[in-house]
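Sequence order for the protein chains is U and W. Residue numbering for the first sequence is 1 to 475, as defined by my numbering. Residue numbering for the second sequence is 1 to 298, as defined by my numbering.
Check the hints yourself; a few may be wrong.
Derived DEER-like restraints, expressed as beta-carbon distance ranges [what the hints assert, rightly or not]:
#: 1; chain 1: U; residue 1: A219; chain 2: W; residue 2: L178; range: 25 to 31 angstroms
#: 2; chain 1: U; residue 1: D348; chain 2: W; residue 2: R166; range: 43 to 49 angstroms
#: 3; chain 1: U; residue 1: H210; chain 2: W; residue 2: R166; range: 41 to 47 angstroms
#: 4; chain 1: U; residue 1: Q347; chain 2: W; residue 2: G163; range: 30 to 36 angstroms
#: 5; chain 1: W; residue 1: R166; chain 2: U; residue 2: A372; range: 27 to 33 angstroms
#: 6; chain 1: U; residue 1: E283; chain 2: W; residue 2: R174; range: 47 to 53 angstroms
#: 7; chain 1: U; residue 1: Q365; chain 2: W; residue 2: P152; range: 18 to 24 angstroms
#: 8; chain 1: W; residue 1: P152; chain 2: U; residue 2: E283; range: 20 to 26 angstroms
#: 9; chain 1: W; residue 1: G163; chain 2: U; residue 2: A219; range: 34 to 40 angstroms
#: 10; chain 1: W; residue 1: R166; chain 2: U; residue 2: R227; range: 38 to 44 angstroms
#: 11; chain 1: W; residue 1: A110; chain 2: U; residue 2: Q347; range: 21 to 27 angstroms
#: 12; chain 1: W; residue 1: R166; chain 2: U; residue 2: Q347; range: 50 to 56 angstroms
To spell it out: a stretch of chain U is covered by chain W in this simulated footprint if at least three of its residues, at any positions, have a beta carbon under 8 angstroms from a beta carbon of chain W; those stretches are [to be verified]:
#: 13; stretch: 169-181
#: 14; stretch: 211-221
#: 15; stretch: 240-250
#: 16; stretch: 331-338
#: 17; stretch: 373-381
Non-contacting residues of chain W with respect to chain U, defined by C-beta distances greater than 12 angstroms in every case (computed) [unchecked claim]:
#: 18; residue: S10
#: 19; residue: R143
#: 20; residue: R150
#: 21; residue: R208
#: 22; residue: L210
#: 23; residue: G235
Treat the hints as calculated values from the structure; they're not laboratory data. Quick caveat, the model's predicted, so the values are computed rather than measured. C-beta: ideal position from N, C-alpha, C; glycine also.
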Amino acid sequence: MQGNALRLVDCDRLAVRLGLTREMTLADARARIPDLVALEAEPLADREFLDGVAAFCDRFTPLVARDEPHGLALDITGCAHLFGGEEGMIGLVRRSMERIGLMSKAAIAGTPDAARACARFGPCGIVPPGREEALLHPLPVAALETEAETVIALSRAGLKTLADVASRPSETLSARFGEALAVKLRRILGREDRRIIPLRPPPDCVVERHFAEPFADMASLEAVVVRLIGEAARVLEARGAGGRVFELGFFRSDGAVRRLAIETGRPSREPKALLRLYRERIETLADPLDPGFGFDAIRLAVPLCEPLGTPQHSLDGRAVEEEAVADLVDRLATRFGRDRVLRFAAQDTHHPVRAAKALSAAAPQPETAWPAPEPREPPARPLQLFEPPQPVEAIAEVPDGPPIRFRWRRLTHDVARAEGPERIAPEWWRDGSDEPVRDYYRVEDAEGRRFWLYRIGVYGVGAVPPRWFLHGLFA
Amino acid sequence: MQTAASPALSDLRRSLAEAALRTGPAAAGRVGLGAAEIDAALSGGLERSALHEVYAAGTAGLAAATGFALGLALRAARGDAQGGVHEDAQEGAAGSGRPILWVRQDFVDAETGRLHAPGLNEFGLDPARLLLVRARDGEGVLRAGAEGARCPALGAVLIEPWGEPRAFDLTASRRLALAAEGSGVTTLLLRVAAAEMPSAARTRWQVRPLASRALEANAPGGPAFGLRLLRQRGGVAEREWRVEWNRDRCAFENRTVFDRSDTSRRTDVPPLSRPLVPLSGDGQAAAAGPDSGLRRTG
Numbered sequence: 001m002q003g004n005a006l007r008l009v010d011c012d013r014l015a016v017r018l019g020l021t022r023e024m025t026l027a028d029a030r031a032r033i034p035d036l037v038a039l040e041a042e043p044l045a046d047r048e049f050l051d052g053v054a055a056f057c058d059r060f061t062p063l064v065a066r067d068e069p070h071g072l073a074l075d076i077t078g079c080a081h082l083f084g085g086e087e088g089m090i091g092l093v094r095r096s097m098e099r100i101g102l103m104s105k106a107a108i109a110g111t112p113d114a115a116r117a118c119a120r121f122g123p124c125g126i127v128p129p130g131r132e133e134a135l136l137h138p139l140p141v142a143a144l145e146t147e148a149e150t151v152i153a154l155s156r157a158g159l160k161t162l163a164d165v166a167s168r169p170s171e172t173l174s175a176r177f178g179e180a181l182a183v184k185l186r187r188i189l190g191r192e193d194r195r196i197i198p199l200r201p202p203p204d205c206v207v208e209r210h211f212a213e214p215f216a217d218m219a220s221l222e223a224v225v226v227r228l229i230g231e232a233a234r235v236l237e238a239r240g241a242g243g244r245v246f247e248l249g250f251f252r253s254d255g256a257v258r259r260l261a262i263e264t265g266r267p268s269r270e271p272k273a274l275l276r277l278y279r280e281r282i283e284t285l286a287d288p289l290d291p292g293f294g295f296d297a298i299r300l301a302v303p304l305c306e307p308l309g310t311p312q313h314s315l316d317g318r319a320v321e322e323e324a325v326a327d328l329v330d331r332l333a334t335r336f337g338r339d340r341v342l343r344f345a346a347q348d349t350h351h352p353v354r355a356a357k358a359l360s361a362a363a364p365q366p367e368t369a370w371p372a373p374e375p376r377e378p379p380a381r382p383l384q385l386f387e388p389p390q391p392v393e394a395i396a397e398v399p400d401g402p403p404i405r406f407r408w409r410r411l412t413h414d415v416a417r418a419e420g421p422e423r424i425a426p427e428w429w430r431d432g433s434d435e436p437v438r439d440y441y442r443v444e445d446a447e448g449r450r451f452w453l454y455r456i457g458v459y460g461v462g463a464v465p466p467r468w469f470l471h472g473l474f475a
Numbered sequence: 001m002q003t004a005a006s007p008a009l010s011d012l013r014r015s016l017a018e019a020a021l022r023t024g025p026a027a028a029g030r031v032g033l034g035a036a037e038i039d040a041a042l043s044g045g046l047e048r049s050a051l052h053e054v055y056a057a058g059t060a061g062l063a064a065a066t067g068f069a070l071g072l073a074l075r076a077a078r079g080d081a082q083g084g085v086h087e088d089a090q091e092g093a094a095g096s097g098r099p100i101l102w103v104r105q106d107f108v109d110a111e112t113g114r115l116h117a118p119g120l121n122e123f124g125l126d127p128a129r130l131l132l133v134r135a136r137d138g139e140g141v142l143r144a145g146a147e148g149a150r151c152p153a154l155g156a157v158l159i160e161p162w163g164e165p166r167a168f169d170l171t172a173s174r175r176l177a178l179a180a181e182g183s184g185v186t187t188l189l190l191r192v193a194a195a196e197m198p199s200a201a202r203t204r205w206q207v208r209p210l211a212s213r214a215l216e217a218n219a220p221g222g223p224a225f226g227l228r229l230l231r232q233r234g235g236v237a238e239r240e241w242r243v244e245w246n247r248d249r250c251a252f253e254n255r256t257v258f259d260r261s262d263t264s265r266r267t268d269v270p271p272l273s274r275p276l277v278p279l280s281g282d283g284q285a286a287a288a289g290p291d292s293g294l295r296r297t298g
């Protein structure tokens with residue numbers, strides 16, 4: 001909608017044949033064709049769809065970028081031979097697009113801009129290296145994709161094709177139309193290259209299997225994965241690297257792509273361990289892997305590699321044990337999620353809750369040291385801590401004696417022994433100045449249960465009576 | 001027929017005998033509790049490569065059962081105890097050892113509080129050695145526990161579901177026991193808010209809290225537990241002990257004399273324990289007066 005008028009954003013082939021164009025108002029279009037089917041434009045949905053197509057194209061090359069507004073640029077450097085050369089590849093891409101119900105125009109050229117110009121304004125097909133000028137010179141100046149005014153100005157000057165523009169000295173062009181035009185021209189004619197920015201960062205290592213026929217046999221799927229893992233392990237070993245993240249991509253023939261990631265706590269290339277993680281991952285899937293009409297290709301990518309030397313078996317077996325524990329952590333983290341397999345790290349604070357931080361065990365662990373407990377003293381901190389603390393009703397001696405009796409979860413506890421108070425001041429730099437001081441008591445009730453209680457406030461001071469909380473349980 | 005069957009039969013006999021040797025008490029190492037009387041009764045301690053169950057005595061025993069189970073795990077995971085024979089624990093042995101895996105159901109956290117790392121540290125477990133898995137449900141707890149029980153690099157596995165999840169049947173416990181046997185990892189099943197049910201565990205304990213020996217000024221002492229051995233496969237009948245956890249030695253200690261130094265306790269004193277009161281063998285604050293329960297602080 002522009003200037004209060006509904007306009008056509010795009011029209012299909014039939015509409016174009018009937019004389020409709022972009023930017024035409026809907027009223028005009030309706031006047032010409034009364035039974036026009038018009039749908040509201042949904043740019044976001046279009047974009048999402050395009051991303052889906054990009055994921056689909058991932059099977060041809062790992063480097064797929066969006067080519068605004070509704071194209072895709074694929075960097076096929078070193079990939080084309082896998083699909084029968086450039087000829088075979090462009091045919092395959094076209095056929096694949098047709099199969100998922102899309103009409104497509106495709107071109108292969110030395111630079112992304114040349115390919116784009118060729119696909120949008122030219123004959124499509126392949127532009128062999130060195131033949132850019134011959135094939136691209138006849139293209140209209142619109143292929144420069146500058147503002148409409150520039151195009152008009154160029155046409156008025158009698159420059160109708162790229163050949164006309166290219167024949168002018170580039171200094172004159174940039175003086176008149178700006179440097180951008182000259183750059184664009186150089187790029188289209190393959191004199192200057194530009195890198196595309198892929199949607200997904202290129203992985204460090206990729207191994208894949210393409211199938212001549214869609215592959216739907218779930219039973220032998222694992223065999224394929226096993227072979228891919230083995231290949232990836234060999235590649236990684238040759239490089240002296242190990243992967244931290246392994247990503248399996250299942251490319252379905254109907255265009256859907258399913259990706260499963262396996263993460264390891266440290267660099268790894270052990271096929272057995274990886275296979276175990278893969279099985280773990282498959283088992284925990286909320287919606288199982290659906291082959292549909294079969295997979296076209298399966299790819300194992302290693303987006304994140306780290307150096308990993310040849311393992312040395314130490315004599316004391318300590319390293320082997322650590323390895324085994326790290327493997328266990330990986331398996332558990334794959335099954336239950338990284339945030340559910342935890343290790344504790346000490347924090348330098350007196351605040352009881354903040355004194356320890358639970359970190360994912362799958363992530364690298366910070367080196368923290370815990371203070372050695374005071375010998376021959378009973379534990380000063382409870383084994384289990386309530387968060388938030390549980391309010392209790394308590395009777396205590398004024399002004400700041402330990403509780404004599406308290407009620408927690410509908411049970412009355414008579415205190416037999418008590419120690420305290422241990423005053424823990426709030427961290428004003430975190431909690432603000434309103435947070436009250438807590439007086440902690442270790443108490444034992446008549447049955448022998450040990451609790452950690454605290455009081456906020458002091459009896460007889462201030463209008464509000466002190467409140468008691470149960471914060472933890474000692475063994 | 002007869003001739004064909006007999007070699008097979010003798011093979012079977014031999015493999016059975018080997019299996020008995022492998023699982024027999026002589027072959028597997030034992031984890032002593034550290035308290036001489038209990039270890040003697042258990043002929044050396046708990047079997048290392050086996051499943052053991054610890055039940056909390058009612059809701060009151062939740063924290064005590066957790067403490068006892070952790071103590072057992074620490075004993076099992078000690079770095080210097082690989083021989084399995086009961087030896088004198090050295091001072092400061094508490095810090096070193098293999099990692100311990102603790103699998104906990106989320107609901108336990110809500111009900112009894114989360115594990116508190118400084119508290120674990122004070123109990124004798126260096127939190128850096130602890131690997132905690134928080135599972136949403138009973139099945140998850142069981143699965144993570146079984147995974148851990150199969151990993152021979154661990155010192156001990158503590159499995160703590162809440163209540164009686166359907167997954168925890170005899171078959172599941174048998175599977176855990178087999179995993180523990182195979183890997184040699186002491187596997188402890190900590191049952192809170194659960195009724196006793198058949199299982200493949202070697203021993204079954206019930207733990208209740210016990211009043212500690214008071215320190216100066218009637219302060220609560222170290223962790224103390226009332227243990228009841230409910231069941232032991234091919235072993236002693238039901239027995240009871242009273243123990244204290246000594247963090248510095250990383251060992252349990254017998255408390256033969258039930259020292260009730262405070263007389264301020266007014267309720268549920270079992271009449272039988274009264275005659276024992278004066279016989280305090282450890283001389284710790286035994287003379288605390290009746291009015292020492294109310295202490296003025298500040």
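Structure-inconsistent hints, enumerated in ascending order: When the structure is compared with the hints, numbers 5, 6, 12, 13, 14, 15, 19, 20, 21 and 22 turn out to be violated.
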